[in-house]
Every structure is written in structure tokens, then in C-alpha cells.
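Engineer: The lines below spell out each chain.
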Amino acid sequence: AQSVTQLDSQVPVFEEAPVELRCNYSSSVSVYLFWYVQYPNQGLQLLLKYLSGSTLVKGINGFEAEFNKSQTSFHLRKPSVHISDTAEYFCAVIEMDSSYKLIFGSGTRLLVRP
Amino acid sequence: KAGVTQTPRYLIKTRGQQVTLSCSPISGHRSVSWYQQTPGQGLQFLFEYFSETQRNKGNFPGRFSGRQFSNSRSEMNVSTLELGDSALYLCASSFRGDGTEAFFGQGTRLTVV
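From first to last, the protein sequence lines are chains S and H. Count the first sequence with our numbering and you get residues 1 to 114, in order. Count the second sequence with our numbering and you get residues 1 to 113, in order.
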């Protein structure tokens, strides 16, 4: 069965430091990969996605992620975080089997401290 | 262009009652999906509609149902509410219908007392 694992439930980091949020997935078919961000009392906003092509994808707000097929990972990185990046981050996949549904990880809370 | 609109934003219901939540997708989007978000179970897929047809349904009891109208607006209904139905219900719309470009609404916070 398909699953998405976010290894860290919370990641504290100081402002202007780099950060990496980890995501691994398992699936018997090929997948599309996504990172979403959720601010308090808000819906989800798409940060970036990997559909095909270059394995390094760049998104909004200076975030990027790298798809590693052999390790079934899609880790999210930012070289220098800001206080405003404090939020919940969700990794998700869509299986290429016409299921049309996002399968989400459990989320990682990024806490940026001054 | 207006985003995905969910109404109401907050709702308090009593156990045993039923509730209907509404989602208006971005203009031109024909696919609408619903998700339930709880602290314990996280984000879980409820169902997806495309041009008024339900194409996929998640693993939820039959008390959860939905529909989509000809103008792509969608409603979901939960009957015989249980305390465990308390959650943030999120709606997402997309143009292509393959889920790769989903735009989410702000959600409806349902509290069952």
C-alpha cells in the first residue's frame, strides 16, 4: 500500500539558518510528488511539485526539493529561513494510476526562532 | 480570479445531527476533492468529483457523502454526526482533474459536541 513518511514531527531552527524537511514514500507505481504549506487557520498552499524532468525542483518562497528515485525521497530544503516560514509542511504523492487523490504525510512543524 | 471558497468557515453541531458543507471551486475548474484533517489521523482523502461524477472515494463510512452540481460547486454531507467527526474539512479544485494542480480552500472547521 502507498504511504508517505515525514520523519520529523517538529523541526526547530534559528532564523537565517538552513533547513531540510525529510520525506520518504512507498508505492508500487510511479508517483507525482508535492510539498504543501499550511499556516494557522488556513488551507494548504502548494510550495512545489515534481511531475517529471529535472529532479531538482524550485518552488515559491525560496524552497526547493530533490527527487531521489532510488531512495524514494523528496526532501525539502531552504538555505536561509525566515520567521514567516513558521508553519506546518506536508509532503504528498499522487499515484499515476488515475486515483486523482493526494496521499499526505503526517506533517512537519517548522518552528523558526529569532 | 477568486480562489476556492468554503462555507461556512466554522460550524458547531450536536451529536446525531447532520451537516452540509459547501465548496465553490475556482471558475473553470471541473474537479473538486474533499479532505478531512484531524490531529490524530492527519489529512485523509474523502472523495473526488469531476463533471458531476464521483471518480474516487476514500475509506470513510457511508455517513459521509457528497455531490457536485453542473456549475462545479460541490457539497459534502455528514449524517448522524459523531464526536470523532470534529475536524477541518478542506476542499480543493483543479482544472486538469488529475490532482497535479490542486488549489485548496481555507476549510470548514466542524466541531461536534
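Just so you know, these hints were derived from the structure itself, not from any lab. Check before you lean on any hint, since a few could be wrong.
[Said to hold, decoys possible] Pulled a few chain H residues facing chain S out of the computed Cβ check, cut under 8 Å: (1) 52; (2) 90; (3) 100; (4) 104.
[Said to hold, decoys possible] Here are some chain S residues the structure puts well away from chain H; computed CB gaps all over 12 Å: (5) 45; (6) 55; (7) 80; (8) 101.
[Claimed, not checked] Covered stretches of chain H, going by a simulated chain S footprint (3 or more residues, C-beta under 8 Å): (9) 29 to 42; (10) 68 to 82; (11) 91 to 99.
Just so it is clear, CB atoms sit at the ideal spot from N, CA and C, and this is done for glycine as well.
Engineer: Are there hints from earlier that the structure breaks, and if so, what are their numbers?
Structural biologist: 1, 5, 8 and 10
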